[in-house]
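Novice: Each chain is listed here by its residues.
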Amino acid sequence: MQYIFLVSLVLLTGCSDALVRVMPYEKEYFAQDKMSLSPLAQRAEQESHIFLIREASAGGDSSFQGGCGCR
Amino acid sequence: MKKIITMVLLTLSLSAEVTKGDNAVAFKLQTLDATTSYSMDDFKGEVVLVNLWASWCGGCKKEMPEFFTLQQEYKSGFKIVTVSIDKSSSSSQEFLESVEKELGYKRPFIALYDPSKSMPKAYGAKGMPSSYLIDKQGVVRDVIVGSLSHDDIAKLKIKIDKLK
Chain L
0 MQYIFLVSLV LLTGCSDALV RVMPYEKEYF AQDKMSLSPL AQRAEQESHI
50 FLIREASAGG DSSFQGGCGC R
Chain Z
0 MKKIITMVLL TLSLSAEVTK GDNAVAFKLQ TLDATTSYSM DDFKGEVVLV
50 NLWASWCGGC KKEMPEFFTL QQEYKSGFKI VTVSIDKSSS SSQEFLESVE
100 KELGYKRPFI ALYDPSKSMP KAYGAKGMPS SYLIDKQGVV RDVIVGSLSH
150 DDIAKLKIKI DKLK
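So the sequence lines, in the order shown, correspond to chains L and Z.
Residue 4 in numbering that gives the first Met the number 0 sits at position 5 of the first sequence, with consecutive numbering throughout.
Residue 76 in numbering that gives the first Met the number 0 sits at position 77 of the second sequence, with consecutive numbering throughout.
In isolation and in its complexed conformation, chain Z is listed as follows (with noise of 0.2 Å):
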């Protein structure tokens, strides 16, 4: 019996996703160029979006420049972490520093790599891109699935200052 149990449990466990209200997934990851390594508790107090992203993504590369100007606009109290997916971390490295020319600042972001994709496996991306917004006890309050449009962000600000 206990075994049929535990099968069940394997089972379930497979088609497992955050959802609102769940705890942000733990993780441990290094930035692109390898220097700095962040891990969830580093961000501990504080309104996080962690945004799973790819070179090969059309809406990630799309989405990506808003939220330059959005970590702009907050100095402190919110972070935007981008976790790159990308098979290297030069093609994502390449991508941000073409924003980055365009834009004409350097990124205001952490921006983390994770080859092995532990992040959308565990936190069962259905999408890419895909977005969670976490307050400062680590609890996930938003799931956002797709590119964000600028009107888009214009809500998730009102989301992110009622929780700061």
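Here chain L stands alone, though its shape is the one from the complex (with noise of 0.2 Å):
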């Protein structure tokens, strides 16, 4: 009984919070540029226009985007 106890403590402790997740004060690698999925500005921005064009659908994501593309 006690062995069990100690088995599923363990495996318990292994899922903690602060052994499994990073931990805010660590996220340096991932606050760097290229780590977003995004990197470029300039390209987010052209392929979320290119992505309104094709779903033909009404501005909303940053400026005067209509559906077709004629900006």
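In case anyone wonders, no lab produced these hints; they're calculated from the structure.
Keep in mind it's a predicted model, so treat the numbers as computed, not measured.
Just so you know, even glycine gets a beta-carbon here, dropped at the ideal spot from N, CA and C.
Per label pair, the in silico range of CB-to-CB distance: (1) G103/Z <-> V9/L: 51 to 61 Å; (2) K100/Z <-> L5/L: 50 to 60 Å; (3) D40/Z <-> S47/L: 49 to 59 Å; (4) Q136/Z <-> R20/L: 31 to 41 Å; (5) T34/Z <-> R20/L: 30 to 40 Å; (6) I49/L <-> V144/Z: 36 to 46 Å; (7) Y104/Z <-> L8/L: 46 to 56 Å; (8) G44/Z <-> S47/L: 53 to 63 Å; (9) V9/L <-> E72/Z: 49 to 59 Å; (10) R42/L <-> G44/Z: 52 to 62 Å.
Straight-line C-alpha distance at most 25 Å; calculated PhoX-like pairs for lysine-lysine: (11) K60/Z <-> K33/L; (12) K26/L <-> K61/Z; (13) K156/Z <-> K74/Z; (14) K27/Z <-> K26/L; (15) K60/Z <-> K26/L; (16) K33/L <-> K86/Z.
Hints are included, so try docking the two chains, each in its own frame, into the full complex.
Specialist: Listed below in structure tokens is the structure:
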């Protein structure tokens, strides 16, 4: 019984928040530009413009974009 | 049985975080330029705001000018102690110098450097930046996670005045 308790305790420790999660003060590398999904601001804007054209949706992302792609 | 209790305590201690009413974490850290070292005892009898920050953290950089003006307003009885957890102290130094240039005066607060990240670990910081308002007796009176806006600083001033 004691053995089972110890094993389950060790397993639970493995799931501990402090062990599994990247702590906020350890996110130095995540904060780098290259870690961003769209690291280039200009490219991100262009991609979003193309997305809106393709979707033929009304603007709402950032600026005056309609579905025509004729901005 | 003793072993079990020890393990339970260890498990619990992993998720420990400093909250209101807890004692402030004792430290001994050097300044960014490594010329002076400070410990928590140096601030006994003063209200202290310990701010954990890094130059890679956008929110930390955003609130930093607010600390310049806040410390300027309190000449005695209140100290701001910023603790950088950057990989190199030079990046923190560079950023603070850029703020000094922008505002036109030297930083009025104490800027410490914690390369081993011992402070955020001991405080169990849940976000970056994190600030801890500590009273004259060394008890944590407020925990602020996230960037402080101009309005937040105004609210903070009321708390500081009460504690002074």
